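Engineer: Listed below are the residues making up each chain.
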Amino acid sequence: MDATYIALAQMAVGGGLMGMAYALVAYGFQLTYAAGKAVNFGQGELVMLGAFAGISLAGTGLPYWVSVLGAMVAGAALGWLVERVAVRLALKQHNEGWILLTIIVGLFALSSVENIWGREDRAFPAPWPTGALDIFGISVTWPELAIAAGALGIMTLVELAKRYTMAGIAVQAVSADPEAAELCGVRSRSAISLSWAVSGAAAAFAGTVLGPVTTVGPTMAAALTLKAFSVAVVAGLDSGFGLLIAGIALGAAENLSGYVLGSGWREAPGLILLILALAIRPQGVFGKKIIRKV
Amino acid sequence: MFARVSIGLRETTAERIVRIALFVGLAALPALWQGQYALGLLTLMAVYAILLIGLDATVGYLGQVNLAQAALFGLGAYGTALAVQAGVSFPLALLAGIIAALLPGAALALPALRLEGPQFALSTLSFATLSVIVLNESESITNGALGLSIVRPSLFTVELDARGYYWLCLLVLFVAWWVSQILLKSRFGLSIEALRDSPTAADALGIGTLRHKVLAFAWGSALAGLAGALHALNFGYLQPAAFGYDLMVMLLLGVVFGGRRSQWGAFVGAAVVAMLPNLLSNRTLFSSFVSFGCIVTLFPIFRALISRRIPQFAVTAPAAAMALALALSLFAPNVEEWRKGIFALFLFAAVVGLPDGLAGAIASMVHRLIRFTPDPLPPASGGIRSAGISVALPLHVMKLSKSFGGVRAVDNITLDIGQDEVLGLIGPNGSGKTTFINLVSGLYAPDSGTVEIAGTRPVPGSLMSACSAGAARTFQNLQSFSGLTALESIVVCQRDGGKSEAMGWLRAVGLEEKARQRCSEISYGDLRFLEIARAIATRPRILMLDEPAAGMSKPDIERLVALVASIKRAGLPILLIEHHQDVVAELCDRVAVMDGGRLIALGTSDQIRRDPKVIEAYLGSDDEEANVEGETEVQLC
Amino acid sequence: MLNVENLHAGYSGDDAVRGISLQVAEGSCVALVGANGAGKSTLVKALCGLLIPRSGRVSFDGKEITGLPASEVARRGLCLCPEGRRVFGPLTVEENLLLGAYPRLPSFGPFRRAASSDLKHIYGMFSRLGERRLQQAGSLSGGEQQMLAIGRVLMAKPRFMVLDEPSMGLAPVVVKEVFEAIRTLHASGMTILLSEQFARIALAISDRAYIIERGSVVLEGPSKELAKNPGVMAAYLG
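Residue numbers (our numbering), protein chains in the order written: chain A, 1 to 294; chain B, 295 to 931; chain C, 932 to 1169.
Just so you know, the hints here were simulated from the structure itself, not pulled from any lab data.
Note that the structure is predicted; figures quoted are calculated from it, not measured.
No false leads were mixed into what you were given.
Computed list of lysine to any residue pairs in SDA-like fashion (alpha-carbon distance at most 20 Å, straight line):
1) A:Lys162 / C:Gly1040
2) A:Lys162 / C:Ser1038
3) A:Lys92 / C:Pro1000
Please take these sequences and the hints and turn them into a complete structure.
Structural biologist: Structure (structure tokens):
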């Protein structure tokens, strides 16, 4: 009995820590949605590309931190590229072609990864100690802690930058009212590009911290996109509050259902949660309601 | 460039002839093109065509990105396979497949179709992923990832061989195509297109968005199930992984590349989707195919360069994508490994460069070369008339209030409109006039107060309910059904009567000549008249016009005044928001003035013009001016 | 300073602005007066780059600015205080003001220090903004938001200021305050183009005015003369 509880708690904690990574990817959705009302349906592919870029950089003998940084730079560049080729045109024409186009760009990225890095899963080398910490009988590994610390760190950093740099304030202004921001001399297009670059960097970073825990392979992408969407939709695409809670809850639920129902069912609760959240409160549990205008 | 050839045929007839020729040709193909492999491909193409016609109902007609079709196809296939295992007959197995896709599809449609755009795409994507998980994990039923094998039962007493089965699929495709075409050209299909272009107007005119969306999605799901059933009986072996993300992307490629909102597009797309993987295995063929595509995408760039313009992104991006695909086809060590990437590049080029798809491009080329005899229009009948006399007031508003945030947009307004009356509603910008109409027409629910339309109280905040009570409105910013023709726009809004009645409404607003034109090609001023025709075609008891003259030229305004006067003569009461004061003065029996959400004056046009409160609302108050600068005086006439 | 020649502009369908020409001399205050729906806002938007004109020319300081994006026009010193105030609701008052000075502040450096003297100047003009500098702009009253919108434009150190309907949705007392501020600005030498539906007050503080009806100029001249012209009233109530 007791052992079962501990095992369940263990599962929940491990899942929750993983969930912080989903929250980080979802945070990327919030950034781009705030700036230009669009999100990347291929964000999971960016996470995967970030992880592979990290592996390759580390493979050339660069220290871990440098390769993480390199992966983030690559992620930022890709994020910018996705906005440029897949989103800008469709948004200018006020249609939803961007949904299709971001899926398409993601698909191309996936195919490139399969051909450049191969279809097999790979381990991500990380300099963390191999042991585990024991907290009240629940063991927490260092890579898992790195996810939590990294996700919190990046989100805090970006939030601080949004508040305490002029560029950040300008991005907020664009998301509040792009026309008025233009009138202040802010080039809203650059602000939107910046958001996409930061979003891409966050996704790539998520890849580098997730890599050491899971493994890195082409199959991780689609599932990750959906998980991050679940988190973002439950928390609300426009509110920062609640992302972490939703992420942790999803991660924990996933692990528990995998444990109870069998590993194939791991992803089911997130998906059901997503459909329910969309059906009941499309604006998100923490989001605001939209007023129709004519 | 070319003279258009007149062939003395209606477009619909010509299309029918070509379609029948196509099917005859397809049926004859196995005689010319021998071999099991070719027959398998043709069968696959027919199955995909059914599937894509279904997908087009949502992606094309509804205009929503639907990512669940591959999964529904899989559910249909599994439904049939399980039914066959249970030993049912051939037709029942097909039915089982349809039901297996239709039920989950409907279950998904009900919640998901309240959503729009990315949220809808997301919910269908999660549904698709979930379905594959369920198929994979319900091992006791589906045999999980190992797959399910079945033997095709005989159709009644006939044992179908591969060729017979192909003919059967072709027949089913023919029927599905035909029914889809009828369905989507019917009032139902027009309604779907109307609500895609403007859901708000569709609701306000009583078309009803949700019901139509669910039905369209259900039709698409049923076709997915049917295609799945045929697929299962064709292959005899099913695996969940076959219905995942890869297939979904292929299907999207098919619909987008083939052309949305067209059964021909679905067919072309199916041909591409079925043949493309085989094309990839023959490298020379493939690279010449890609080179051709590449050259085609270069044309618009040259055209831009010749006219000394910098080519736009929409022109250069497809060429870049095709060039990349060409590079891959020539230099990649293994082209089949790059399958997804190459599909992605094709899709990219198609979405950006060919918004109407291949079928659309061909159709517009045909239209440039051939002049068809236009469909005959029915003679116009009927005209403006009232919905009948009722004892109740057409509009009776009591103490209506609505706030947004802290702003009282409409503040405690009580207002009646009598029989045969035209009431003008004027006031400065932001005084709450449009909010008032939005409340009466049911777009917003009021915070307090009641609205009574012709004696009935519609459900607050329901456009549909207000419309069925007898309210009809136009919109300040045009909400036209841009995919429909003028005549079709009227037909979807009519409560009764047929096409000749619809022509009657068009004649009433002077648009008889434009009946066949698409709304996207009709001028702005005429669209404003079309909106009025749409509104009166619902046979309302009160007509609300929100700034009908905005942006109109002077002759159009004169036409508008004559039209409103004739509507008034026919006995239909009107609430008119208008900035052009001469229009108001000429048409309105009484004028109500709003300022800051409140009703500040009500009376005849002359009374209003002399009312100091109104003058103050429009020109600014006297004492302000006195305080700012005492010396200037504004003379008032 | 600003020269508009035969401008045509509109959103969809027919032009809302039909061949308007106007001039604003340096240091003057010019009013555009007309009922709502006359095309004033469309004109102003076309001047400032929010809307690309269909035809015609806009030149500022002798250089053509037709069709430039709004951010470029603003960077050249032609700044619009938009209709409906358009303050950034979720941001603080101070952040709103800082955004006004965006083009000359460092994107990632110590921007507050760079702007501190300008901020002080604005807080000196509008003391209530100083009191609420850390409050969310969306929580301000309408009048305060209008002050903030004007302050935001002033932070850009414009050479030419366009005010679009500064009185819209404000209580009469507040309208008076806002116009007092505009008058002070004009007195200090700022060139102003004022688009306003309240004719009396607009004519009272401007030097020259254009009366606009259905997208065209129907009357123009010194404001004091126009104030006595019955045609002005006709443009409103027909």
